[in-house]
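Participant: Taken in order, these protein sequences are the chains called A, B, C and D. My numbering runs 8 ahead of the 1-based position in the first sequence. My numbering runs 8 ahead of the 1-based position in the second sequence. My numbering runs 22 ahead of the 1-based position in the third sequence. My numbering runs 22 ahead of the 1-based position in the fourth sequence.
Since the hints were made in silico from the structure, they are not lab data. Since the model is a prediction, treat every value here as computed from it, not as a measurement. For glycine and all other residues, C-beta sits at the position ideal for the given N, C-alpha and C. Take the hints with a grain of salt, since some may be wrong.
Here are some of the chain B residues that sit facing chain A, going by a computed Cβ distance under 7 Å [to be verified]:
#1 Val30
#2 Ala32
#3 Phe38
#4 Arg43
#5 Ala93
#6 Gly95
#7 Phe112
#8 Tyr117
Here are the computed distance ranges between Cβ atoms for each label pair [to be verified]:
#9 Leu94/A - Arg69/B: 31 to 39 Å
#10 Arg69/B - Arg61/A: 45 to 53 Å
#11 Glu73/A - Glu96/B: 28 to 36 Å
#12 Ala88/D - Ala22/B: 27 to 35 Å
#13 Val135/B - Pro82/D: 52 to 60 Å
#14 Glu47/B - Gln44/C: 37 to 45 Å
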Amino acid sequence: MHCRIDTRPLDPEALKASLRDVRAGGFVAFEGWVRDHNEGRAVTGLHYEVHERLAVKEGERILQEALGRFEILDAACHHRAGDLALGEIAVWVGVASRHRAAAFEACRYIIDEVKTRLPIWKKEFYVDGDSGWVNCAGCAAGHVHAHR
Amino acid sequence: MHCRIDTRPLDPEALKASLRDVRAGGFVAFEGWVRDHNEGRAVTGLHYEVHERLAVKEGERILQEALGRFEILDAACHHRAGDLALGEIAVWVGVASRHRAAAFEACRYIIDEVKTRLPIWKKEFYVDGDSGWVNCAGCAAGHVHAHR
Amino acid sequence: MKRVSVEYFAVFREQAGLSGEQLETRAASVGELFGECALRHGFADPRERCKVAVNDELAPWETLLADGDQVLFFPPVAGG
Amino acid sequence: MKRVSVEYFAVFREQAGLSGEQLETRAASVGELFGECALRHGFADPRERCKVAVNDELAPWETLLADGDQVLFFPPVAGG
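Here chain A stands alone, though its shape is the one from the complex (with noise of 0.2 Å):
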């Protein structure tokens, strides 16, 4: 069980061989990608700021929740911090267990918990050169400009 902040790419593989268990017989992953679309408008990057010793700690947390919950053997998390390109993995979720339907729900779980319960904070930078933070009211792209 491991939930970590990274500043390098994610190497999905190395993740899952962390969660190797040859009583495992079902393993699923979600990984979510930088996509060059967000409602609407065309996406060139993104920024994450991340306050790292918090995120960790609630990631765990979810971890060991979904550990409780689900009939499942391992899970970890893995989310980037920094800037990112279009392609690359934002955050990676990999669950092991030893009947498919737990690690499908256990995975699901994860990802929509760390998604609304992480301190991570998302900046997009568009085409025309302007920036916006998702989600957040009164600040939407295009009011704000670029100060990378």
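Knowing the structure of chain A, use the given hints to seat chains B, C and D on it.
Facilitator: For chains B, C and D alone, kept in the frame of chain A given last:
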């Protein structure tokens, strides 16, 4: 969209690369791993017999169904044939979508259908030298002797 | 009498002791043909859990058997 | 009067124009303190969508403020 039967080890990163799409924000993968136990018996490995032509045809039909039912961008499924060792990947399903909910649902749908519809048969080999076809009446493990 | 070819897979092949045979049969449907073969070779799996393909397409058990058909009998599948 | 330290993140840091400050306040709870800071710096996000951590632990808005507390104000999160 592709479904294949492979006699060599599956390469998840290469398979995933085939589904890359800058419009995709979520990617879900399922891997079936060869476990060391099944129904209380210690397993040493297994053999998949596959009717390749019909398995590919039915697998492609399942992928088309998923593309029609869920808001996904692309999906693929590869299944091994032949002899597999513990821990090897027996089946890989990957789904890319704009939003994660559809990717989870489609991935779950595909693997559920693949397991019940593709003409693939699994023979398990046990520590005590016995073997048995899984899911088959009147031929429970221990009654059929290995003859690899 | 129709002449058909039959192929067996996995546990059916092992129980029959052969992977295929050429048969002459009066069976009207592929389901009826399966009944004949199951009886002769001692297949234990109930038909509801098995599948049949006729001329390279999965088919319902009610499919009428025609002279020259190629029939594949599939025991319960277990992919994954 | 209590002396507390406050830190701002993401859009709050940009809107405040600073990442942290030392404050003297009569606010009883961290929620009350947030109200003061939001007014002064023009934070637009409703409190229900924001979070607060006190002394390195996420905490409810009703948490009583104590002298020397380290308070972190988090705008709406967007991981993934």
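Participant: Against each hint, give a clear statement of whether it holds in the structure.
Facilitator: Hint-by-hint comparison with the structure:
Contact between Val30/B and chain A, as hinted, is supported at the beta carbon level, the nearest pair being about 4 Å apart and thus within 7 Å. The closest approach between the C-beta of Ala32/B and any C-beta of chain A is roughly 5 Å, which is under the 7 Å cut-off, so the hint is satisfied. At its closest, the beta carbon of Phe38/B sits 5 Å from a beta carbon of chain A; the interface hint therefore holds under the 7 Å criterion. Hint on Arg43/B holds. Least Cβ distance to chain A is approximately 4 Å, under the 7 Å limit.
Among the interface hints, the one on Ala93/B is violated; its C-beta lies about 10 Å from the nearest C-beta in chain A, farther than the 7 Å criterion. Interface hint at Gly95/B: satisfied, since its Cβ lies 6 Å from the closest Cβ of chain A, which is below the 7 Å cut-off. For Phe112/B, the interface hint holds, since its Cβ comes within 7 Å of a Cβ in chain A; the closest pair sits about 5 Å apart. With 7 Å as the threshold, the beta carbon of Tyr117/B stays out of range of chain A, its nearest partner Cβ sitting at about 11 Å, so the hint is violated.
Between Leu94/A and Arg69/B, the C-beta spacing of about 33 Å keeps the proposed range 31 to 39 Å intact. At roughly 50 Å, the beta-carbon separation of Arg69/B and Arg61/A lies within the given 45 to 53 Å, and the hint holds. At about 31 Å, the beta-carbon gap between Glu73/A and Glu96/B stays in the expected band of 28 to 36 Å. Checking the proposed 27 to 35 Å range against Ala88/D and Ala22/B shows it is violated: the Cβ atoms sit about 56 Å from each other.
Checking the proposed 52 to 60 Å range against Val135/B and Pro82/D shows it holds: the Cβ atoms sit about 55 Å from each other. Taking 37 to 45 Å as the suggested C-beta distance range, the pair Glu47/B and Gln44/C conforms, at roughly 38 Å.
Taken one by one, the earlier hints fail for this structure at numbers 5, 8 and 12, listed in ascending order.
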